[in-house]
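Q: Read off the chains here:
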Amino acid sequence: MIINHPLLGPRDAQEFTYLGDANLINRPDWQAEDAVDQFHEYLYQRDNPAGKHRELWYHEAGDRSWLVVTRDTLTHEITGVELARDVALKSGRGK
Amino acid sequence: MTQTMRLGGGMIDRSKPLNFRFDGKSYQGFDGDTLASALMANDVRLIGRSFKYHRPRGVLTAGSDEPNALVELREGARREPNSRATVAELFDGLVAQSQNRWPSLSFDALAINDRFSNFLTAGFYYKTFMWPAAFWEKLYEPIIRRAAGLGSLSLAEDPDSYDKGFLHCDLLIIGAGPAGLSAALTAARAGAEIILADEDFRLGGRLNSETHPLDDAPASDWINASIAELESLPNVRLMPRTTVIGAFDHGIFGAVERVSDHLLTPPEGKPRQTLWRIYTKRSLLAAGAAERPIAFPNNDRPGILLAGALQSYVNRWAATPARRIAVFTNNDTGHRTALDLIAKGIEIAAVIDPRPDVTRTGDYPLLAGAVVSNTAGRLGLKSIEVRLASGEMRRLECQALAVSGGWNPNVHMTCHKRGLPVWDEGIAAFVPGETGAQGMFVAGAAEGRFSTADALTRGMEQAIVALGELDRKAHTIALPKAENDTGSITPCWQVKGGKGRAWLDFQNDVTTKDVKLAHQEGFRSVEHLKRYTTLGMATDQGKTANMGALAIMAELAGKSIPETGTTIYRPPYTPVAIAAFAGRSRGTDFRPTRLTPSHQWAVEQGAVFVETGNWLRAQWFPRPGETDWRQSVDREVLATRRSVGICDVTTLGKIDIQGSDAATFINKVYANGFAKLPVGKTRYGLMLREDGIVMDDGTTARLAEDHFVMTTTTANAVSVYRHLEFARQCLWPGLDVQLISTTEAWAQFAVAGPNSRKLLEKIVDKNFDISNEAFPFMACGEITVCGGLRARLFRISFSGELAFEIAVPSRYGDALIRQLMQAGEEFEATPYGTEALGVMRIEKGHAAGNELNGTTTALNLGMARMVSKTKDSIGSTLSEREGLNQPDALMQVGLRPLDKSRKVTAGAHLMVRTAAANAKNDQGYITSACYSPNLGHSIGIGFLKNGAERKGEILRAVSPLTNLEIEVEVVSAHFIDPEGKRLHA
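Sequence order for the protein chains is A and B.
Taking the numbering used here, the leading residue of the first sequence gets 341, the next gets one more, and so forth.
Taking the numbering used here, the leading residue of the second sequence gets 389, the next gets one more, and so forth.
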């Protein structure tokens, strides 16, 4: 597979390490009433779609960027690659 | 008499005779031969025995789809079983052996299996050898494997090297037949970067086997001119002897180049084979088509081969299996074959064609509406039996029979990315459907366009479209005038009503009977049929077999062929040696070896090394007279605790963390608090995974307000860094913090023992005060050593002694260890390795990898109170889960044997004294154990249910695996200096 890195252009997937569902960015608030339940949901309940999947890849043998890659799990077609940092900032994560 | 079956003409170089041996007998062939063609020229028809029934077999094909002619090629360590004689390029000195026969090829004792064929049908093994289960592995399987088998491995190490390479191109053309060559010329002239790969050593594809002229001249003229032009262009890479083995994601292909397979041994410095990864913008599959046999009784005898293959042998290699040959065909190929044979002076016994209305195209006897209903000749064909249109039977003498059941486009590569082929009634074959492969085009016979003119035109057209997609304008080229006979076919999959078995899969001995049996027993889907009968599961992957079996299953099920389905093709297209996949990753080159900065010095000291991950670390340093590793390790431990020891700890991960929010960041990734760590201090940090399990531990030093240095365990250096980057970029992207791994940048040594300060004072420059008052336990600082060399000093201790770790830029590591050892002479400074390091940390009760094993929590490690509840940190929320906080949770304890002479073993489980040793009574387990030279007996640390409350209890440590059972007392894990006085000295 080839991942089109937003900063570095097309790179072979061998340079990357896979983590999983991009929802791991959305870490719950530790002070919520039901924090334990939320964390449980966050950590263990994943969708496993046959089709488009937003997932985290780490450019370990490269610039060490975490990327959010939108990949079709059936065809491996990649329709989007973003810096995970940008995705996280957009979704309101900060400090 | 040699080469009695050699004809005139052909593409062999008669000025270059090549000597070779087959089954111990010497023969001669010519340059340009394959092993199969050379054997044929020498009238050797019997080449192998079949897998199950040990039936005598000869060549069926002239290419990589060969199921029969498998041999052990070469000798000694280079011996390679299951090599296809049809693609083994002849070289001088080639040695081959037939396989799966005993004692000899012409008399094979296990041919008795053939007599028992009624018992050995599909599913026989499953049904017969089911009971008793234990017999399977010990008795049945070895016997069956001996009886039914292929070649044998040499079991010697492969003496050759294999390589991997990477290529990029605009257009990869797979196959250099008429379609591939015309595409290559079109694309090359347009200036595109192209690769033209073909599995054959001679480019030209089917043109080399046929006699059709191009522009009224032999096709070889056009081939040679085309190749000469392509070779002259800098944007073209011609790759003969290269099989494209698979289409992968995003236009990436795998290919194996047989660099030296056609030579006795690889030339100096050359690999035997290279595995290429080819990155393409577009690809064109021009892989041609493969002929398929017809299933008729006893259709597997030596001398029966495919018609198109016979054309190859006669036209390209000037070799024939017989002087009188019959042809059995349901399409025009057989008639063309007959004409080619006549042109070479071979007598045609008859052309048998089941089509009643077919007409002759030349001067040969034609039996229209007839079929071959049986054959005779045990070790080679002698005669065939023909059922005429009238129903009358006729026997024909002939020593070879050419069979053509039609052609299957080689669609394999279009299916590797889940593309499914579609049925084309006109040619009675599957043609490519949606390929699913990014940027792939198909041209010529591979798309079911069988005429030469079509192939030439389609190759050009597809190249123009492919390049057009890359915004490159390619122009039409002048193509030679060629035959444009699209041919006709009436499907004929099997001849019914004859006596005897009719083979579908020659290599795995699957007959039409087996397909019927599968149908009868309900294994009707193609995938079930495959697995039940083993059809298509041999080394040839059923290239000549699958289509026929599918058609017969369709007929039995009363369905059409497309309704019945097709099996999925997967890479590789042809078998690939494991060595090619391994490439240079063999032996010590399997992965990189990382050496510590003191490695050379340690080698000089005669150190014994151990692999820890990719690192080689000194395990201990034997001294003259020491005969057992324990003597060395005990000495190193005692010397360190008595005076001073030195250990290279560079392998620990080091992460440099900087930024105005660095403290905030570290506070989030460690469970314990770091926000208030003063500058100049170091703190132990406990890192949790989000699920509350301990991930890693280490120390983090604050060198400045906005500058920290974190250490990790050696094993987790990479994964912790990755985790921190995840936290920084994905969880808290707003923090001003930057990370970089500096593991390799700093050489770091532990200097431990009561004299460690005195030793370091000789090294550290005088303006830095490292006295206990100025530089207390857990202090850190940037200093200089040896007269101005920048260094970092940490007063931390893994051994439990007064200890420091000193770091200098890596390139000074070797100098520093020599300096330390020299300065340490007066203290008898002793280098110690990983074993002594381990002993000292167990004596001190420090957790390491055995305890941080991915299942343990802070509570288990006795560090529950370190997990701060006043801040958010990774893992803190889920560490509170009920299941992880049971009252009888495992707690780290120390263990010592009641009988001091007994050895404590890591991995042993703990049981109360009176209970039976079983999982139900399990109280915990021992994680680390060693002999403590300071205490004079064996000790261990481990996890025990409610362990904090059980000091003084006597338990049994049981290890059924090693027959160990000893009584141990639960004690504190801090065997040495439990008050920590030494640390603060």
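It should be emphasised that the hints constitute simulated quantities derived from the structure, not laboratory data.
Accuracy of the hints is not assured; some may be wrong.
In silico SDA-like pairs for lysine to any residue, Cα to Cα no more than 20 angstroms straight-line [what the hints assert, rightly or not]:
| id | chain 1 | residue 1 | chain 2 | residue 2 |
| --- | --- | --- | --- | --- |
| 1 | A | K435 | B | D1049 |
| 2 | B | K1257 | B | G1122 |
| 3 | B | K1259 | A | E373 |
| 4 | A | K435 | B | G1122 |
| 5 | B | K552 | A | T415 |
| 6 | A | K435 | B | K552 |
| 7 | B | K904 | B | T954 |
Q: If a hint holds in the structure, say so; if it doesn't, say that too.
A: Verification of the hints:
| no. | hint | in the structure |
| --- | --- | --- |
| 1 | A:K435 / B:D1049 | holds (9 angstroms) |
| 2 | B:K1257 / B:G1122 | violated (23 angstroms) |
| 3 | B:K1259 / A:E373 | holds (15 angstroms) |
| 4 | A:K435 / B:G1122 | holds (5 angstroms) |
| 5 | B:K552 / A:T415 | violated (26 angstroms) |
| 6 | A:K435 / B:K552 | violated (45 angstroms) |
| 7 | B:K904 / B:T954 | holds (17 angstroms) |
Checked against the numbered hints given earlier, this structure breaks hints 2, 5, 6; the rest are met.
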